Amino acid sequence: MVLSASPITGLDQPGMMATQSTRDGVRTLWVTVDDLRPTLSTLKEHTPALLMLFDLTAIDERERTHRDGQPPADFTVIYHLMSLATRADEVRIKVALLGDRPTLPTISDLWPNANWYEREIWDLFGIRFENHPFLRRILTPPTWTDHPLRKDHYARATEMPPYSLTEEQERHEQDAMRFDPSAWGMQRHSDHSDFMFLNLGPNHPSVHGVFRIILQLEGERIVDAVPDIGFHHRGAEKMGERQSWHTYIPYTDRVDYLGGVMNNFPYVMAVETLAGITPPPRAQMIRVMLAELFRIASHLVFYGTMAQDVGQLSPVFYMFTDRERVFGIIEAICGFRMHPAWFRIGGVAMDLPTGWEDLIRAFVNDLPRRLDEYDAMVMRNPVFRGRTKGVGAYTTAEAVEWGVTGPGLRATGLPWDYRRQAPYACYEQLEFDIPTGANGDCYDRIAVHVEEIRQSLRIIRQCLDHMPAGPIKADHPLTTPPPRARTLHDIETLIHHFLGAAWGPVIPPGEARSCVEATKGLNCYTLVSDGGTTSYRTRIRTPSFAHLQMIPLLGRGVMIADLIAILGSIDFVMADVDR
Amino acid sequence: MYVLPLLSGGLTLVGAMMVVTCPVAVHAVLYLVVTLLSLAMVLAMLGAQFAAALEIIIYAGAIMVLFVFVIMMLNLGQPDRDREKEWLRPRAWIGPGLLAVVACGELLYGLPTLSDPDGAVFPIDARDVGLSLFGTYVLMVELASFLLLAGLVTAFHIGRTLRERP
Amino acid sequence: MTPLPLAPIVLTPLVVLALATVLTWVERRLLGLWQDRYGPNRVGPGGMFQAVADGIKLLFKQDWVPPFADRGVFVLAPAIGMMTVLLSFAVIPLAAGGIAGGLNVGLLFILAMMGLGVYAVVLAGWASDSKYALLGGMRAAAQMISYEVFMALSLLGVVMVAGSFSLRDIVAAQSGLWFIIPQGLGFVVFLLAGIAETHRLPFDLPEGENELGAGFHTEYSGMKFGMFFIAEYAGIVLVSALATTLYLGGGNGLLLPAPVWFALKTGVIVAFFILLRAGLPRPRYDQLMGLGWKVLLPLSLLNVLATGTVMMLRAS
Chain A
1 MVLSASPITG LDQPGMMATQ STRDGVRTLW VTVDDLRPTL STLKEHTPAL LMLFDLTAID
61 ERERTHRDGQ PPADFTVIYH LMSLATRADE VRIKVALLGD RPTLPTISDL WPNANWYERE
121 IWDLFGIRFE NHPFLRRILT PPTWTDHPLR KDHYARATEM PPYSLTEEQE RHEQDAMRFD
181 PSAWGMQRHS DHSDFMFLNL GPNHPSVHGV FRIILQLEGE RIVDAVPDIG FHHRGAEKMG
241 ERQSWHTYIP YTDRVDYLGG VMNNFPYVMA VETLAGITPP PRAQMIRVML AELFRIASHL
301 VFYGTMAQDV GQLSPVFYMF TDRERVFGII EAICGFRMHP AWFRIGGVAM DLPTGWEDLI
361 RAFVNDLPRR LDEYDAMVMR NPVFRGRTKG VGAYTTAEAV EWGVTGPGLR ATGLPWDYRR
421 QAPYACYEQL EFDIPTGANG DCYDRIAVHV EEIRQSLRII RQCLDHMPAG PIKADHPLTT
481 PPPRARTLHD IETLIHHFLG AAWGPVIPPG EARSCVEATK GLNCYTLVSD GGTTSYRTRI
541 RTPSFAHLQM IPLLGRGVMI ADLIAILGSI DFVMADVDR
Chain B
1001 MYVLPLLSGG LTLVGAMMVV TCPVAVHAVL YLVVTLLSLA MVLAMLGAQF AAALEIIIYA
1061 GAIMVLFVFV IMMLNLGQPD RDREKEWLRP RAWIGPGLLA VVACGELLYG LPTLSDPDGA
1121 VFPIDARDVG LSLFGTYVLM VELASFLLLA GLVTAFHIGR TLRERP
Chain C
2001 MTPLPLAPIV LTPLVVLALA TVLTWVERRL LGLWQDRYGP NRVGPGGMFQ AVADGIKLLF
2061 KQDWVPPFAD RGVFVLAPAI GMMTVLLSFA VIPLAAGGIA GGLNVGLLFI LAMMGLGVYA
2121 VVLAGWASDS KYALLGGMRA AAQMISYEVF MALSLLGVVM VAGSFSLRDI VAAQSGLWFI
2181 IPQGLGFVVF LLAGIAETHR LPFDLPEGEN ELGAGFHTEY SGMKFGMFFI AEYAGIVLVS
2241 ALATTLYLGG GNGLLLPAPV WFALKTGVIV AFFILLRAGL PRPRYDQLMG LGWKVLLPLS
2301 LLNVLATGTV MMLRAS
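Taken in sequence, the protein lines are chains A, B and C. For the first sequence, the working numbering begins at 1 and goes up steadily by one. For the second sequence, the working numbering begins at 1001 and goes up steadily by one. For the third sequence, the working numbering begins at 2001 and goes up steadily by one.
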């Protein structure tokens, strides 16, 4: 690794305890708690390119055995920084913490998006952040008593005594639901008026799932908006610690439930990095093609529901019809529609079916014409423009401060796409443009989405014309399940199949992250293997989580109708936020 | 056939009483609307259909809606109702009530001398109203419009300063 | 005293209610057609009885008043909505002349009823004691009062040309040329204001389902909701019938009998209303008010001015 050539500078300073080598090649440095804030602020000052706090998470190290060369720690907090230069550059800063209830200083004043990440760590690990402005539970209910991602927390209901609700508990739960504005940092009245508090959600037609925003209103104008998430939290990260590497794949599908294989993609790539598998070219291109099909499906939902959110009834029906056709193709290939769980460690589940070319060709030839029609109906509609232009705008600098990636970042005018900046799979061989906006408002975000559909079509057409021949699974003992023909042929492979099915593959110890440019932004899986059949720690960094955190910034001072347009244009999925 | 006019007149009176005695502001406003509507009926039966229609459109249909609008914005609660009830104690209304009774008595006493000798109804249509407004009373109309304009400007001004206060 | 026209008094509300019910089905079928889907097609031929089935469902739903609502006003509000619309039909000169088609302030009567119709929405919003309903009610009050102004002003042109407030006289005045030609500007303003008055998409801000759930009728269910629902559709028929009467020559037309012409013209405008709903997004509250006060008001005043000028030039 050549430090001087990388855009992230300022790392060569005192305070570095150790460096760690990881399977994914991301520079990983250990600092002490005291050096943490100085290190991070120097980094932020000295890096010429935009530096994003990409992810912030923790590991409970107490049961981990393979920690070669790492400083002793009970808990590790990981600051994952990414510079948005021409080539993506990443660095991991790790802090070792000792003790059962460790504390460390907050960095939410350095990067505003650290706020929610730190709350998440507090909620799930019980690690306290000093001077945090609003350290309360974020994913679990306020009445929850433990920290679920700690290793001593149960992972299955069967590890618990049967559940019962006493009257006392019920009263406690009911009390917790009573709304108190001051608990959310809001005033009841100003000098000359009383505020109205409106509970937008968790059950509201325009919050796209179970999501609550508490609005402080003066008339219809929003004084303050506080998002409340966690209603959709299913412990996907905890499940990763008890499912085998292979059987976890279907769970990933359900994280961004509109993205389908977009979730399998980073997960299997991370496992492959750990195991040292390189999938064959055909598998790579099939993966890319399916991912782009899902990008189209997800963007079509976004497009339709966005129009629906500003009151336009019809587009959503047309776009769902098109999405049905995408699903038709996906079903023909995978046998599933929304959650195909079709990627495998080392390749894909099956080869493409006979006649897939015609299906896809008919679709890619037909959709552009229909997109032109939608442009006339939605994008050029004066009422629609009036509702979305100049609404919910943010700058590139703000986007980076808040960890915004994907179309929301590109709408601010920065042509930054992970597929181009750090190409994975076979994106290097494919031609596509990176659509950008100029103002970073709702309209630009929608325009970027629409243009991305066209670019995805372009990519799919290239996949169609240049699909390489060859195997769809890597020739590697950890490929799960192994190629079928060979399983039936030689005993070695049969034994691997048997072990993979009975116990699950044993992945060598190490740490790796893998990122993809998912439908909504950067989707990243960070996996820690302790050399077992399950992951030691599965971290899912989702784009929606970061994007939702911006709502108070965008919502202040606008009207309720604007907030709905902003929510629609952010393009989030609650399952992707809460995991 | 005096049944309809008497019924309307009676409704007007009952409505007006309820306006005063209702503790809930919106209910009072609703009774005021009823009063205005029955008054419009009286006007219509007296032949002033144009005036009746205008009364409903402007008073009942627009001004009173604004009243309701304001009450909705005020967020009145139980304390306000209790205060209203406080004001409805006899010692609060007995004085004005007596005076009103005297005034009504005078009106009843004087009415017979005012009534039209032949009792026929002359319908007055928009044309007549327009001619008298922009003929005989044109000065009054202009003055009234000045007043309205002044009111409009004032309201605009007050609204502006409030909005800009941080 | 003239004898009361009993038959029209009984028949008109029934016909209007039946029309409004059928219209709910027509709208859903048309929307289905325009949105590449079926719409109701199972109950009866072509799904025709869907509206009846819905009506029965609403009738048998529990008649529920939220405990926190102002009970009296809560029940009164939908009734007001229904009554004002039905009363307005009294002066529409249908084939038989209607109940009081010749009322010499007929047009004013309709405006008065529309003015009172605001109460249904505003009071429903207030009486529900729910924040979403309250916001819907407040939006309704501002929107409907404003658009009444533009509607009245746009109608002034017609009244000036016809020289009467009586709808029957206005129809008679169009025997030569429909008023849509000389009063085209007024017609456009009238239609826009009509959509706002019936709070239909794109101007359905009092309901604004994407923002306010269901707006002013969030807390309503069962037949009380049904009344709002039917009143809305009766309102569409009313505005369409009014547009036909005022601008499209009422029942005037070649060959076919007057009622058929009247129904045809009204139907076209109703379909236009539904098409608007299928096609357009909803403007924001301040944009809607801006459109009203900054565009429609000057336009309708201009219309009055132009009409007056032409009439004076003709007279001199």
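Hints are supplied without guarantee of correctness; some may be wrong.
Unchecked claim - For lysine-lysine, the following DSBU-like pairs were computed, each having C-alpha atoms within a straight-line distance of at most 30 angstroms:
1. C:K2131 <-> A:K389
2. C:K2061 <-> C:K2131
3. C:K2294 <-> A:K389
4. B:K1085 <-> C:K2131
Said to hold, decoys possible - A short list of chain A residues far from chain C (calculated; beta carbon distances all over 12 angstroms):
5. K44
6. H204
7. L217
8. Y318
9. G568
Stated by the list, open to error - Estimated spans, in silico, between C-beta atoms of each pair:
10. A:P205 <-> B:I1063: 28 to 38 angstroms
11. C:P2298 <-> A:T321: 54 to 64 angstroms
12. A:P368 <-> C:V2075: 16 to 26 angstroms
13. A:P205 <-> C:A2315: 55 to 65 angstroms
14. A:T321 <-> B:V1129: 54 to 64 angstroms
15. C:P2045 <-> A:P141: 27 to 37 angstroms
16. C:P2045 <-> A:T321: 54 to 64 angstroms
17. A:R137 <-> B:R1160: 55 to 65 angstroms
18. B:P1079 <-> A:E167: 27 to 37 angstroms
19. C:V2075 <-> B:C1104: 31 to 41 angstroms
20. B:V1129 <-> C:A2315: 19 to 29 angstroms
21. C:A2315 <-> B:A1051: 53 to 63 angstroms
Simulated from the structure, these hints should not be mistaken for laboratory data. Here the structure is a predicted model, which means the values were calculated and not measured. Just so you know, even glycine gets a beta-carbon here, dropped at the ideal spot from N, CA and C.
A quick look at each hint next to the structure:
1. C:K2131 <-> A:K389: 28 angstroms, holds
2. C:K2061 <-> C:K2131: It holds: about 24 angstroms lies between the C-alpha atoms, which stays within 30 angstroms.
3. C:K2294 <-> A:K389: Since the Cα atoms of K2294 of chain C and K389 of chain A sit roughly 20 angstroms apart, the hinted pair holds (cutoff 30 angstroms).
4. B:K1085 <-> C:K2131: 26 angstroms, holds
5. K44: 38 angstroms, holds
6. H204: 7 angstroms, violated
7. L217: Contrary to the label, L217 of chain A does not stay out of reach of chain C, its closest Cβ about 8 angstroms off (not over 12 angstroms).
8. Y318: 6 angstroms, violated
9. G568: 8 angstroms, violated
10. A:P205 <-> B:I1063: 28 to 38 angstroms: Given a distance of about 35 angstroms, which is inside 28 to 38 angstroms, the answer is holds.
11. C:P2298 <-> A:T321: 54 to 64 angstroms: 42 angstroms, violated
12. A:P368 <-> C:V2075: 16 to 26 angstroms: 55 angstroms, violated
13. A:P205 <-> C:A2315: 55 to 65 angstroms: This hint holds: roughly 57 angstroms between Cβ atoms.
14. A:T321 <-> B:V1129: 54 to 64 angstroms: Because 59 angstroms falls inside the window, the suggested range holds.
15. C:P2045 <-> A:P141: 27 to 37 angstroms: Check failed, 52 angstroms falls outside 27 to 37 angstroms.
16. C:P2045 <-> A:T321: 54 to 64 angstroms: Since the Cβ atoms of P2045 of chain C and T321 of chain A sit about 26 angstroms apart, the hinted range of 54 to 64 angstroms is violated.
17. A:R137 <-> B:R1160: 55 to 65 angstroms: Given a distance of about 44 angstroms, which is not inside 55 to 65 angstroms, the answer is violated.
18. B:P1079 <-> A:E167: 27 to 37 angstroms: 33 angstroms, holds
19. C:V2075 <-> B:C1104: 31 to 41 angstroms: About 34 angstroms separates the Cβ atoms of V2075 of chain C and C1104 of chain B, which means 31 to 41 angstroms holds.
20. B:V1129 <-> C:A2315: 19 to 29 angstroms: The hinted range 19 to 29 angstroms holds for V1129 of chain B and A2315 of chain C, with Cβ atoms some 21 angstroms apart.
21. C:A2315 <-> B:A1051: 53 to 63 angstroms: 28 angstroms, violated
The structure does not agree with the numbered hints 6, 7, 8, 9, 11, 12, 15, 16, 17, 21 stated previously, though it agrees with the rest.
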